[in-house]
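There are 2 protein chains.
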Amino acid sequence: MPAPHLHPHCLGVDKDAHVALNGHRPRVVWLTGLSGAGKSTIADLVEQRLFAEGAHTAVLDGDNVRHGLCCDLGFSAADRDENIRRVAEVAKLMVDSGLIVIVAFISPFRAERDAARALFEPDEFVEVFVDVPLRVAEARDPKGLYRKARAGELRGFTGVDGVYEPPEAPEVRLDTATLGPAAAADAILDHLRANGLYVAR
Amino acid sequence: MPAPHLHPHCLGVDKDAHVALNGHRPRVVWLTGLSGAGKSTIADLVEQRLFAEGAHTAVLDGDNVRHGLCCDLGFSAADRDENIRRVAEVAKLMVDSGLIVIVAFISPFRAERDAARALFEPDEFVEVFVDVPLRVAEARDPKGLYRKARAGELRGFTGVDGVYEPPEAPEVRLDTATLGPAAAADAILDHLRANGLYVAR
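Protein chains in written order, with this note's numbering: chain A, 5 to 205; chain B, 5 to 205.
One thing to keep in mind: the hints can contain errors.
Each pair may be met inside one copy or between any two copies, as identical chains are not told apart.
[To be verified] For lysine to aspartate or glutamate, the following EDC-like pairs were computed, each having C-alpha atoms within a straight-line distance of at most 20 angstroms:
(1) LYS147 / ASP65
(2) LYS19 / ASP67
(3) LYS147 / ASP67
(4) LYS19 / GLU157
The hints are simulated quantities; they were obtained by calculation from the structure and are not laboratory data.
Based on the provided sequences and hints, a complete structural model is requested.
Written out as structure tokens, the structure is:
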């Protein structure tokens with residue numbers, strides 16, 4: 005019986021190859037901030053703008069992660085850490101395939117955001133602080149979560165009885181009490197372009 | 005203070021948009037079979053061939069998943085199930101972003117492969133049985149794992165003291181005792197083209 009020659013397992017299409025095909029480098033745009041700050045809306049607008057210029061993108065947020073990859077996780081501190089760890093690892097797999105990945109999670113702890121950043125090359129990880137005063141986020145309360153947290157129906161809810169550690173040196177800070185979602189998305193694109201992190205082909 | 009209007013969160017770039025940009029539909033090509041059957045080598049060759057035609061691809065295998073996303077998992081039956089569940093969910097996120105995802109894991113159980121398939125649209129999931137007699141795989145033993153399993157250093161190793169449930173109706177079956185990796189990759193591409201599952205632009 006012929007024994008097929010097994011080539012060494014180093015034939016993959018690497019990141020540079022994906023860059024050549026896509027015409028842009030991959031990135032992670034990591035949006036952190038309170039519930040109600042506008043992260044998911046801004047993430048979608050950033051993806052739309054990049055897509056309109058022919059960029060290859062993905063969005064990771066609660067809507068597509070919490071019901072699938074992380075459906076086994078709850079909202080304890082340990083489970084929220086594990087949720088963010090998995091999201092960061094998926095973002096890495098997507099970056100290795102050439103995508104610009106826009107991540108939108110509260111991700112309240114500096115340590116977990118720094119651990120995410122550590123998976124990537126310098127300049128590959130762009131931290132965006134979607135900053136809004138708690139009272140503004142709570143007044144919006146788009147999912148009714150602050151109300152539930154104040155009523156004691158949710159434990160450890162960020163901003164109510166859970167800590168939010170603001171980024172100390174985010175690449176971008178957006179004050180969404182005064183900046184609408186479209187302007188916030190524009191500000192992110194402006195940052196990427198101004199720093200040579202995204203160049204449309 | 006102006007209250008920015010938060011648009012409803014339905015602005016994302018959907019799968020059809022990614023299809024229009026990429027020029028091909030996303031798929032999952034799921035390679036299952038014994039250790040040593042040649043799954044990872046074939047996966048890399050399939051990716052190379054697709055990439056050469058301008059397709060947007062990703063490979064998920066032990067090399068890039070086990071050390072990252074699934075580094076918290078061991079090789080108990082429960083952990084191996086969870087590993088495959090997460091891989092399937094990541095493949096789904098990647099398919100939603102338009103990629104052709106080539107998955108290479110032993111994935112020994114029909115139930116876990118069927119659960120993976122159930123995440124996708126009909127025709128989106130292509131199961132490839134990388135079929136090889138145990139004695140051939142064991143003679144190759146590229147990672148020395150069969151030797152360790154026979155020595156009792158690994159428990160539950162598929163084919164030794166762990167069950168492999170062969171697919172009953174895989175879309176593609178490759179006999180890699182007689183078919184080399186290049187021919188196996190060609191056979192997968194031929195299947196995709198013959199069934200209209202991949203059309204180069």
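Outcome of the hint check:
Within a single copy, LYS147 and ASP65 get their C-alpha atoms as close as 15 angstroms, which meets the 20 angstroms cut-off; across copies the closest is 37 angstroms, which misses it. In the homo-oligomer, the alpha carbons of LYS19 and ASP67 lie at most 20 angstroms apart only across protomers (15 angstroms), although the nearest pairing inside one protomer, at 27 angstroms, exceeds that limit. With identical chains, the CA atoms of LYS147 and ASP67 are at most 20 angstroms apart within one copy only, with a shortest distance of 12 angstroms there and 39 angstroms across copies. Within a single copy, LYS19 and GLU157 get their C-alpha atoms no closer than 45 angstroms, and across copies no closer than 36 angstroms, so neither meets the 20 angstroms cut-off.
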